[in-house]
Amino acid sequence: MKSEFENIIFDFGGVIINIDYEATINAFKDLGISDFDALYSQAAQSDLFDAIETGRISPQHFINGILQLLPAGVTPNQVVHAWNAMILDIPKERIEFLQQLSQTHDIYLLSNTNSIHIDKAMREWNNKTQADINDVFKKVYLSHEMGMRKPDVEIFRHVCQEQGLDPSKTLFIDDSIQHIHGAREAGLHAHHLLSNETIQSILS
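Numbering (the working numbering), first residue to last: 177 to 380.
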């Protein structure tokens, strides 16, 4: 597959770094929000989560918003710990594969994220490799820094226009089907990464 494309844009969570939405849902249930999955999931989320992922509110504003949903006595550190519970590990061989791929393709990262999650994700990256993520990817695009998020067609158009990418020669890989639809609407080729697939298995 990779020989068909000049450029590959990767999602981060669920594609490069392993994530578990249920871990965060359960962590917040333990703190006292029984229906956290109605507020936040892989498929949909409420405005508070959209706001932090597009940089419209600060991490402190986000934490305060969550605290309002929780019983008295829950601390900000407990909120951060529960919010970060979904962020798992990055297999070292996955990073090594990306390093090899970057020698033959222009590769990019495009993630719906927030400063709390990205701080933990980058600690995990740096624990696994000495390679600077900005040396592996030609450009790292993070939703909270861009003020837009997937599946908005404009975020894909922005990346292609800024980097001078031909969408017809560009592959986007994501584990959320709604993001795949947005990428295809923007003219990119897109692969929905399933739970039994890895980037190595589909690109090797």
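Hints should not be assumed to be uniformly reliable.
Capping the alpha-carbon separation at 35 angstroms, the derived lysine-lysine pairs in DSBU-like fashion look like this [said to hold, decoys possible]:
id, residue 1, residue 2
1, LYS268, LYS314
2, LYS304, LYS268
3, LYS345, LYS296
4, LYS268, LYS296
5, LYS205, LYS268
6, LYS296, LYS205
7, LYS205, LYS345
8, LYS296, LYS315
9, LYS304, LYS345
10, LYS345, LYS314
11, LYS345, LYS315
12, LYS315, LYS268
13, LYS314, LYS296
14, LYS304, LYS314
15, LYS315, LYS304
16, LYS314, LYS205
If you are wondering where the hints come from, they were derived from the structure by calculation, not from laboratory data.
Problem set entry | Hints breached by this structure | 7 and 16
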